[in-house]
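Chemist: Given next are the chains, with one letter for each unit.
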Amino acid sequence: MIFAIVIFLLTIGTVAFHFWSPWYLTELASNWSGMDDALTITFVITGVVFVLINLFLAYAVFKYRHKEGSRADYEPENKKLELWLTGLTSIGVVALLAPGLVVWADFVDVPEDAMVVEAVGQQWTWTFRYPGDDGILGAADPTFMTIDNPFGLNPDDPYGQDDIVVEDNEGHLPTGGPVKMLLRSKDVLHDFYVPQIRAKMDLVPGIETYFWFEPTRVGEFEILCAELCGTGHYTMRGLLVVQEKADFDLWLSEQPTFGELSAEAVAELSTELSTE
Amino acid sequence: MNIFQKLAVKPWSDDAHVDMTVEGGFHATPAKVGLRFFLFVVSVLFFLLTAAYFMRKGMIDWVKLPLPPLLMVNTMVLVAASFALQWAKNSGRDGNLKNLRLGLVLGGVLTIGFLVGQMMVWEDLSALGYFAATNPSNAFFYLFTGLHGLHMVGGLVAWGRATSSAWRSDADVEQLTQRTDLCAAYWHYLLLIWLYVFGLLIIT
Amino acid sequence: MAHATMADDLTELYHPKTFIGKYIWSQDHKVIAIQYTITAVSVGLVALTLSWFMRLQIGFPGMFEFIDADSYYQFTTMHGMIMVIYLLTALFLGGFGNYLIPLMIGARDMVFPYLNMLSYWVYLLSVIILMASFFAPGGPTGAGWTLYPPQAILAGTPGQEWGIMLMLTSLIVFIVAFTMGGLNYVTTVLQARTKGMTLMRMPLSVWGIFVATILGLLAFPALLVSGIMMSLDKLIGTSFFMPAIVSMGEQLEYSGGSPVLFQHLFWFFGHPEVYIVALPAFGIVSDILSTHARKNIFGYRMMVWAILVIGGLSFVVWAHHMYVSGMNPFFGFFFATTTLIIAVPTAIKVYNWVLTLWKGDIHLTVPMLFAIGFIFTFINGGITGLFLGNVAVDVPLSDTYFVVAHFHMVMGVSPVLVVFAALYHWFPKITGYEFNERLGKIHFWGTFLGTYAIYLPMHYLGILGMPRRYYDYLDAAFIPDSAYLMNQSITIAALIVGAFQMVFFANVIYSLIKKKKSDPNPWNATTLEWQTPDNPPVHGNWGPTLPVVHRWAYDYSVPGAEKDFLPQNMPRGADPNAQEEHT
Ligand code: HEM
Ligand SMILES: [Cu+2]
Ligand SMILES: [Cu+2]
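Protein chains in written order, with numbering that gives the first Met the number 0: chain A, 0 to 275; chain B, 0 to 203; chain C, 0 to 582.
No lab work stands behind these hints, which were simulated from the structure alone. Note that CB positions come from ideal geometry on N, CA and C, so glycine has one too. Treat each hint with caution, since some may be false.
Selected chain C positions facing chain A (in silico; Cβ < 7 Å) [stated by the list, open to error]: (1) 150; (2) 246; (3) 303; (4) 304; (5) 307; (6) 308; (7) 363; (8) 389; (9) 390; (10) 470; (11) 475; (12) 537; (13) 558; (14) 559; (15) 562; (16) 571.
Sequences are here, hints too, so could you generate the full structure?
Modeler: Laid out in structure tokens, this is it:
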């Protein structure tokens with residue numbers, strides 16, 4: 000008796016908690032409303048199932064609790080009922096899966112005109128690289144990495160010279176167009192995760208991974224690392240600043256290119272040598 | 000009844016479909032059944048290694064390892080070991096304890112020979128500078144041969160127990176034959192696995 | 000030779016006389032089962048304690064000095080690995096598998112008793128190696144229970160010298176132990192069934208354990224291979240999983256390896272592992288529900304088929320753990336589809352449990368409370384699995400607390416509820432004594448309500464976006480203060496739930512001291528283990544002759560029968576009024 004009531008209350012309580020909970024999705028800042036919708040659809044369908052089965056369970060526990068002299072039914076199986084349940088479940092599963100796969104088809108299909116930006120992770124900071132005037136990111140490889148060349152850009156690749164590198168944990172993006180984030184890691188796995196963007200992806204050393212989204216809302220968003228990467232994992236925080244296109248262009252023009260930085264490094268070296 | 004029919008039986012109905020005189024399932028000793036499952040597990044292990052091998056091989060830094068000709072000799076030795084154990088088993092079936100003993104010893108010695116040969120291959124390769132860490136193809140070679148060798152060593156433990164009991168004064172030929180049968184089955188299978196590994200390394 | 004191996008006389012079994020022979024180096028499956036259970040539960044307590052430490056840190060960041068970031072990650076890793084492998088896998092297969100298989104199928108013992116004994120001692124060795132890592136220089140590994148390279152073996156992760164090697168060694172030793180036990184369980188089920196015990200007359204407990212064991216035999220090699228390869232990467236510098244890396248500003252020697260390859264191998268093991276824990280729980284809970292509802296399990300054949308289908312499918316869904324791992328994103332379509340297909344047989348099992356209760360005669364005994372509690376938590380955990388399996392829904396949720404809540408619900412709380420249901424259910428059989436019902440009920444309510452209070456809100460913290468494996472949230476702007484408050488309350492609930500587990504141990508000790516003799520078949524159950532001539536059963540289980548099986552395991556409340564249960568070894572027609580079905 001008590002147990003039936005408890006199951007009933009837990010079921011209702013769970014639904015109530017869902018609506019009452021102050022913790023839910025953050026305000027969306029990208030085009031991935033499809034992911035939010037898929038989540039909502041999933042909540043609705045599974046929520047109905049959750050309530051139905053549990054109320055049935057509570058009712059069964061209540062109605063068929065042991066009473067003096069009561070005896071159970073004998074029914075090994077009921078083919079028709081089982082087929083119906085299997086069929087209905089299959090329909091429910093299709094209804095869940097289909098919208099999800101539609102969104103995923105969008106996710107794997109990066110728009111041709113997407114602006115390319117690279118985020119590089121290392122224990123436990125973020126850096127960013129923009130392609131520069133030629134629109135192409137120069138080749139990079141960990142074997143080129145030195146203190147003066149933290150991105151491991153190939154110094155002989157002409158495409159790399161005008162690449163714009165930003166080293167202070169802060170990346171900027173413009174609104175109004177799709178962005179393809181290229182992801183690289185110098186050391187271990189990381190994950191580029193901005194809750195408001197929804198989409199996320201691991202950074203894997205040795206390969207370049209990617210995902211795309213369109214920033215839709217101006218603002219400053221925290222980048223969190225979402226793949227355990229050592230003791231400092233939880234401190235691996237970056238900032239993603241989404242700006243209007245004009246502001247973004249202005250910001251970008253103020254950042255040094257790889258060529259300039261290397262020249263600077265060479266100059267520094269020579270002054271060091273001459274003062275000695 | 001095949002397995003699907005067995006699984007379709009309505010078990011709450013009466014005994015009509017049940018043979019009430021037998022126990023168990025397979026027509027084999029439990030040890031045989033256990034061994035078959037174990038060999039199945041071993042196959043999965045080598046299958047997964049193969050999958051990993053092909054995934055890793057796809058990367059750019061792969062440099063093929065030259066296979067020393069000694070491997071060919073070792074293969075022959077292992078084939079011979081397999082034959083010896085088979086012979087031992089057959090002798091046991093015929094009640095010939097002397098040949099059973101001889102076959103067992105021969106099989107074991109040949110297997111030890113195989114393992115020594117494999118070690119020599121390893122030495123030769125590392126003397127030539129093909130260390131496991133130098134290239135993934137080397138690493139896979141050592142891994143495949145090492146794991147296969149370990150399985151052979153495991154087999155030798157069972158073989159050792161069988162062989163030592165063969166010299167006991169109260170040696171029971173029938174029981175001994177069963178043990179030898181298990182050893183022979185294991186050896187044949189590991190020979191197959193070795194041929195598979197060797198073939199894989201040659202072809203790719 | 001064919002079937003005579005389980006000869007009907009007792010002389011075949013080796014009967015030790017000394018205490019050591021009987022209880023330490025025992026080859027009796029029941030003693031080995033108890034050894035497995037005690038060891039597994041003991042390490043489980045270590046893992047539980049570690050979860051308290053983690054929760055203390057999350058609820059009250061920085062208040063406890065001994066929990067720094069390094070130790071937090073070490074606790075997380077050890078907690079997860081112990082719970083999944085050394086507690087649940089060992090307990091369900093080594094503990095319940097060992098105890099139940101021979102008794103339920105009417106055998107005198109496992110077919111390879113010596114191997115069985117060895118299996119336990121090797122398992123104990125693996126536990127000792129694992130525990131040794133707490134005392135090794137640098138402490139245990141903090142790489143997460145997934146042990147992903149490169150991180151697991153590089154600077155910046157605690158325990159990257161000794162801890163990780165001890166972990167890998169312990170796992171390899173565990174796999175050896177499991178293989179020895181597993182070969183035994185499978186062969187015993189196939190070869191040692193007594194007369195009349197056809198496959199389809201086996202209780203679902205045996206089916207669940209049997210299929211789980213096969214899954215284990217197929218899945219553990221993947222962990223073995225990846226463990227060996229990672230050890231080689233660490234020890235001799237091969238590059239299986241290690242690409243070119245600049246670690247802490249220093250170029251390493253590695254090149255070309257693939258971290259994603261490790262993830263494939265790991266999850267090829269890791270997903271079936273979930274079912275290695277779940278299937279025995281499914282089986283056991285089915286039997287307990289049926290017994291205490293005095294009603295046959297609904298749709299037995301469907302239940303068996305579902306176990307087989309789930310077992311098979313569990314090998315083609317592994318990459319649902321890798322949707323955002325950087326693998327080819329097109330795999331997402333395939334793995335989302337296979338994963339959601341598994342939901343169908345799983346849902347059928349849930350329906351059949353509930354339908355078993357329908358029109359039953361439900362006795363709310365302590366095991367039954369736990370079993371029904373399991374249905375509720377499993378529905379909850381199963382449903383959130385549909386979120387995470389569906390790739391586009393998973394992407395925002397992956398690596399957040401939603402995942403933590405999901406897997407604790409589905410493979411933490413649910414199986415643990417079954418473990419307790421089973422321990423209470425078979426306690427009178429194992430010890431011969433009654434347990435204290437009131438303490439059992441207190442234990443149930445604390446555990447059932449407490450765990451829900453822990454994990455229900457956790458889902459929503461995950462939807463909010465709080466990532467998992469975070470030592471501290473460092474005032475991230477998107478997290479409102481209320482979330483920290485919620486975390487405190489979760490921590491308090493976790494401490495309370497932990498404390499309630501002590502009630503269980505108190506109950507066991509109390510009952511063992513009180514020594515109130517139990518009825519040999521207190522639940523009026525049909526299965527063979529309750530029909531042994533002695534209670535608790537002695538070595539050899541069955542006295543001079545083996546039982547002969549005449550019916551399935553679920554003849555409860557057969558119309559017309561005098562009693563509401565007909566034991567499996569009761570001949571047909573023995574109750575002339577029972578309306579037994581004919582083909
Ligand atoms: C009341 C009991 C339990 C509590 C309070 C608890 C708490 C926790 C906490 C706080 C974490 C760390 C989450 C994070 O930082 O991301 C965790 C991780 C984990 N727990 Fe539990 N847990 C409990 C029982 C279990 C059980 C029974 C299992 C068995 C399946 C389990 C399996 C795991 C696993 C696999 C992880 C992941 C470890 C990792 O991230 O590497 N836990 N648990
Ligand atoms: Cu990181
Ligand atoms: Cu999975």
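Chemist: All hints are to be evaluated individually against the structure, with a verdict given for each.
Modeler: Evaluation of the provided hints:
Given the 7 Å rule on beta carbons, the hint for residue 150 of chain C holds: about 4 Å separates it from the nearest Cβ of chain A. Taking 7 Å as the C-beta contact cut-off toward chain A, the hint placing residue 246 of chain C at the interface holds, the least distance being around 5 Å. Given hint, residue 303 of chain C at the interface with chain A, is violated; its Cβ is 11 Å from that chain's nearest Cβ, farther than 7 Å. The beta carbon of residue 304 of chain C comes no nearer than 11 Å to any beta carbon in chain A, farther than 7 Å, and the hint placing it at the interface is violated.
With 7 Å as the threshold, the beta carbon of residue 307 of chain C stays out of range of chain A, its nearest partner Cβ sitting at about 15 Å, so the hint is violated. With its C-beta approaching chain A no nearer than about 11 Å, residue 308 of chain C sits outside the 7 Å limit, and its interface hint is violated. Because the beta carbon of residue 363 of chain C sits about 6 Å from the nearest beta carbon in chain A, less than 7 Å, this interface hint is met. About 4 Å separates the beta-carbon of residue 389 of chain C from the nearest beta-carbon of chain A, less than 7 Å, and the hint is met.
About 5 Å separates the beta-carbon of residue 390 of chain C from the nearest beta-carbon of chain A, less than 7 Å, and the hint is met. The closest approach between the C-beta of residue 470 of chain C and any C-beta of chain A is roughly 5 Å, which is under the 7 Å cut-off, so the hint is satisfied. With a least beta-carbon distance of about 6 Å to chain A, the hint placing residue 475 of chain C at the interface is held under the 7 Å criterion. Checking residue 537 of chain C against chain A by beta carbon gives a least distance of about 33 Å; that is not within 7 Å, so the hint is violated.
Here the hint on residue 558 of chain C is kept, as its CB sits about 6 Å from the closest CB of chain A, short of 7 Å. Taking 7 Å as the C-beta cut-off, the interface hint given for residue 559 of chain C is violated, the closest approach to chain A being about 10 Å. Nearest Cβ of chain A to the Cβ of residue 562 of chain C: about 11 Å, over the 7 Å cut. The hint is violated. Proximity of residue 571 of chain C to chain A is violated relative to the hint, the smallest CB-CB distance being about 15 Å (cut-off 7 Å).
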